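Novice: Chains as they are written, first to last, in UniProt numbering: chain A, 1 to 337; chain B, 1 to 337.
Rather than coming from a laboratory, the hints here were simulated on the basis of the structure.
Treat each hint with caution, since some may be false.
Given that identical chains are not distinguished, each listed pair holds provided it fits within a single copy or across any two copies.
[Stated by the list, open to error] In the SDA-like style, the derived pairs of lysine to any residue whose C-alpha atoms are separated by at most 25 Å in a straight line are:
1) K26 x S14
2) K26 x L151
3) K26 x A234
4) K148 x I195
5) K148 x G261
Note that the coordinates shown come from a computational prediction; the quantities given were computed from them, not determined experimentally.
2 protein chains.
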Amino acid sequence: MVTMRDVAERANVSIATVSFVINGSKRVAPETRARIEAAIQELNYRRNVVARALASSRTRILALLHPDLESRPNATVIQFVMGAAHGARERGYDLVLWPVNDDEQMSHLLAGGLVDGVLLMEVRISDPRVERLLASGVPFALIGRTEKDDLPYVDIDFAATIELAVAHLRSFGHERIALVTQRTKAQAGHEPGRIMRVESAYLDAIAPLGAPPAIVAVEGTSAGGREAASVLGADFPGSTAVILVNEGASAGLVKGSRALGRRVPEDLSIISAATTRELGEMIEPALTVMAAPAPQLGRLAADALIDQLEGVQDAPPHVLIPCALEPGQSVGPAPVD
Amino acid sequence: MVTMRDVAERANVSIATVSFVINGSKRVAPETRARIEAAIQELNYRRNVVARALASSRTRILALLHPDLESRPNATVIQFVMGAAHGARERGYDLVLWPVNDDEQMSHLLAGGLVDGVLLMEVRISDPRVERLLASGVPFALIGRTEKDDLPYVDIDFAATIELAVAHLRSFGHERIALVTQRTKAQAGHEPGRIMRVESAYLDAIAPLGAPPAIVAVEGTSAGGREAASVLGADFPGSTAVILVNEGASAGLVKGSRALGRRVPEDLSIISAATTRELGEMIEPALTVMAAPAPQLGRLAADALIDQLEGVQDAPPHVLIPCALEPGQSVGPAPVD
């Protein structure tokens, strides 16, 4: 067994100096530090994380289970991921990315003892992964919500977000407001929870207007956006404004509307919600967006999980933050008939 | 010390069944698996990863050191990250995200013994992090290259990419081709290696045309893209085509050019290189892109590192893959004077 003394001797420094480097507790001159690190590697001295894990049954590693982001990375999702990684790091934890949704793999990973806790993204209304986590006893926190409201979660406050979007559009005279959301391949009851919540918030928010609801769900792609434009034109020609909660379809919606002779914002106003300002600015005209508080929510999710692990919370945290309105050039006065 | 037998007894199954679940070596009925996982948690049985790490001095964890992606996520960078996470997982390793560039923090992490190896992104021509890794003895692989060509790396083949872009533009009659690249805050010699390589490839590729080079470096933002449009108009009015290697500036370049009365592609053709097709499609007109092989390179970087760890490589791997041309609507015939 290699000891800290062996490392100190090899690097020709005191044991205290080795400890400063290992624990990050005090500044050590770069050359000295490099010498100590080299000695640690040469002697294969693995004290810190691994030994501490065995001593305390804690690894200080958190796993983020995420959907497949490789094929279709999404500006907002990645802000959640990075926010969580930063938040974990600041509290002395490491975040592992697990591109795992398959049940068998999840089982293997949970049984491995690698992680102290799990963050779950793209949470569905009824989510088998949540059942698995509950059964396994591994602490977790959700980015999103299931139908059960008693689990620890952080999420976008969709009710407040949609209410604000409708109020903004009404202030420009719009009374026929459509909703464009995302179609998924999930079976009924297994959609991401956000879709159900957005639709329900929309129905509440437009109820005072007395107009019938106009909801279109399309894929989160340029093609999906074009499809939305043509469905809106065919089925809901009276709508003068759209709330879009599907950032991948935003460019297609604008291009598709223009191709059908509906200019943005002269004929059709658009608010893109739960997205980033940068993405809105890429489009012509620059979109009025409601920016998702994704970096903050990612951090708060890590905090919620770590609070659980460290036993410093009374009740499961429930954090909801609305998106922030950032006006662009895609909202204008409602056209007069 | 809790043993596997304790877990088996608590879950009321055989030791073999516990082992199947822990090692993922055989299918086990979901209810049984859940019972075993619950027993593992209740008894705080941490065998697999932690014990194996202590026994073998290996943790099977890789760290990805990345720049701060939270504030400005970039479609292509994230494909690298996810590609690496998938690649690691397929070979039985976990990828930890380390949002760390600070020297002090890096030292702490390397000394902690958590990781078997490191992947480095956004590699600079002269990169102090590489020196640190070399000094520490921790195995690593680069996504990108320093000026030294003897380290293990995977990278975009910028020379072949730019050559192909120039050939494509020449086939449309363009002879005055400008380059728009990215300005960074890094001091000279510490820029990302890709910028130097792109400029050098551009100079080689346009040399046969005999026209003077036209290089503009701007920030990777919409404002940067607009700045590029106005600098091109003022300093290089004869250029009829642009190769853009700065995806964050792509929308701004198109909007800025249009605002100055230069239509795309009638007056100015644009190829956006080292980006994604999806990003190009968001813009009006849809950009001709050269798609970065980011998911593949991410995987190959993980492979290069794991091959090192497992001693199955003869020489440091050097992998270069060019971007793939995907025609859009932003390249047209060179305007006739």
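Novice: For each hint, tell me whether it holds in the structure or not.
Specialist: Hint-by-hint comparison with the structure:
no.: 1; hint: K26 x S14; result: within (14 Å within a copy, 50 Å between copies)
no.: 2; hint: K26 x L151; result: neither (39 Å within a copy, 32 Å between copies)
no.: 3; hint: K26 x A234; result: neither (68 Å within a copy, 53 Å between copies)
no.: 4; hint: K148 x I195; result: within (15 Å within a copy, 50 Å between copies)
no.: 5; hint: K148 x G261; result: neither (44 Å within a copy, 56 Å between copies)
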